[in-house]
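Listed in order, the protein sequences are those of chains F and S. Start counting the first sequence at 19; every next residue gets the next number (this note's numbering). Start counting the second sequence at 15; every next residue gets the next number (this note's numbering).
The set of hints was computed from the structure by calculation and includes no laboratory data. Bear in mind the structure is a predicted one, so any value in this text is a computation, not a measurement. Please note: incorrect hints may appear among the correct ones.
Unchecked claim - Where chain S lies over chain F, by a calculated footprint (3+ residues, C-beta under 8 Å): (1) 26-35; (2) 43-49; (3) 83-97.
To be verified - A short list of chain F residues far from chain S (calculated; beta carbon distances all over 12 Å): (4) GLY58; (5) LEU75; (6) LYS113.
As the list claims (entries may be wrong) - Below 27 Å or equal to it, Euclidean Cα-Cα: the simulated DSSO-like pairs (lysine-lysine) are: (7) LYS99(F) - LYS132(S); (8) LYS245(S) - LYS42(F); (9) LYS270(S) - LYS245(S); (10) LYS55(S) - LYS99(F).
Ideal placement from N, C-alpha and C gives every residue a C-beta, glycine not left out.
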Amino acid sequence: MADYIPPRSREQVADLHFMDARYKLLDLAAFLDRLDRASGGEDHRVRGLRDALPLLLEKDEGRVAKILNLWSDPSIVPIEKADTKAASGVWPGLK
Amino acid sequence: MRYIEPHGHMVSRTTDDYQAMALAGCAAICEPAFWAGFDRKSADGFYDYFCQLTQHEPKRAARYGLPHYSWLCINPKESEDMALAADVLALIPEFLKAPTVLGIGEIGLNKNTRNEMKVLEQHIALAVQYDQMILVHTPHLEDKRKGTRLIMDCLKANGVVRPERVIIDHVEEHTIRDVLDQGFWAGITLYPESKATPTRAVDMIEAVAAQRVWLNSACDWGHSDPLSVPKAAQEMRRRGHSATAIDNLVYGNPVKFLSQNSRFKAPAAQA
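Let the sequences and hints guide you as you build the complete structure.
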C-alpha cells in the first residue's frame, strides 16, 4: 500500500469521478449497439470485451488487473516468429 | 510545480511541445531510442538517429531551458532482423561516450519472439560490459504480462544486473507488483488509450508503495500527450495528496533513479 492515502468518502469519489465513469459507460453501450447494427461475425476483441463485463460487478477490488489478466496471452515461452508487430488488445486464443 | 519527463520521444514532437512542457514545470527530459513508426533498412539510419538524440535534440531542448538526456538501443520492434540488430549494437559503444547518454534503452520485447529475446540478451550484455543502466520497454496490451515476465527472467539470468539500476516501463495494474517485488523500478506510462490514464496511474500509486515508481508520457508520433505527467499531478491534487507527495513522485523519484548515473544532474542542483 502507499505510505499515505488522503481519506475520502465514497460520495467525494463520486463527486470527482462519476460523470467521467458515466460517459464512458454510455460510450461502451453505444459501441455495443453500433456492433449490433453492423454485419458479420464477432471478432475475438469484442468477445474478450463481453467476457470482461461480469468482472465489473465483482465485489473485490482489483477489477482492472483481473480484466487485463483475462485479455493476456497465458503462455510462458517465446514464440518462433511474429506475423505482425501490432497487438490487438485481447489475446486471440481467448475462448 | 516541477517535474521530470523521464521518457519522451521528442524527435517526434514540435518545439511548441517543448515550450508547453517548460511552462508546465518540466525541469529535464530523457529520451530513449525507439521505433520510428517504420522499419529502418540499415545501421546508417540508426547512426543518424543516434546523432540526432545525442547532438541535435539537446540543443533543441536547451532553447527552452530544458536539459535533455538519452538512452540508446535498437527497439524490439526492429529486433527481428538479427543482422541489422548486430550492426546497430556495434554502433552503440561509440555513442555511449556522449555526455548526455544515460544508458541502454528502451530495450525489451514486442511480440515475445525468440529473436527479440536474443537481441534483448545482447543489449543486457552490452549494458553490463559498459556498466550502463537499463530502461526496459514492455510489450503492448495482451503481450505485456508474458513479456514482462520473460524480460525479468532474462535480466535475472544475466546474474550481474542490479535491479535497482533497471526501470521496467509501461507497467499496468497486472504487472506493477511483480516488477516492484523483484526489486526493479517501475514506470507508468500515461497514454490516452493504450496504457494508463492519469486517473488509473494515481489509483496504482495509491495501491502500492511508490518509492520506486516514476510517471512518464512517452509522448511520440502516436496518440499521446506530452503534458500527461503534470495532468497526473493535478489528479493527485484533486484527491488531496500533499505537494510533497506529488513532488516526490514526479520529480524526486526520477531524480533518485537517474542520479545513479553521474552524468544526470538534478535540475534543482544546477545554478
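Each hint tested on the structure:
1. For the region 26-35 of chain F, the stated coverage by chain S holds: 3 residues have a C-beta nearer than 8 Å to a C-beta of that chain, and at least 3 were required.
2. Interface restraint, the region 43-49 of chain F with chain S: violated (0 residues with C-beta to C-beta distance below 8 Å; minimum three).
3. For the region 83-97 of chain F, the stated coverage by chain S holds: 11 residues have a C-beta nearer than 8 Å to a C-beta of that chain, and at least 3 were required.
4. A cut-off of 12 Å between C-beta atoms confirms that GLY58(F) is not in contact with chain S; the least separation is 22 Å.
5. A cut-off of 12 Å between C-beta atoms confirms that LEU75(F) is not in contact with chain S; the least separation is 18 Å.
6. The beta carbon of LYS113(F) is kept farther than 12 Å from every beta carbon of chain S, the shortest such distance being approximately 14 Å.
7. Between LYS99(F) and LYS132(S), the direct Cα distance comes to roughly 13 Å. Compliance with the 27 Å bound is thereby established for this hinted pair.
8. At roughly 19 Å between alpha-carbon atoms, LYS245(S) and LYS42(F) fall within 27 Å of each other, so this suggested pair holds.
9. A distance of roughly 22 Å separates the Cα atoms of LYS270(S) and LYS245(S); the hinted pair therefore holds under the 27 Å criterion.
10. For a cut-off of 27 Å, the pair hint linking LYS55(S) to LYS99(F) stands: about 19 Å separates their Cα positions.
The structure shown violates just one earlier hint, number 2.
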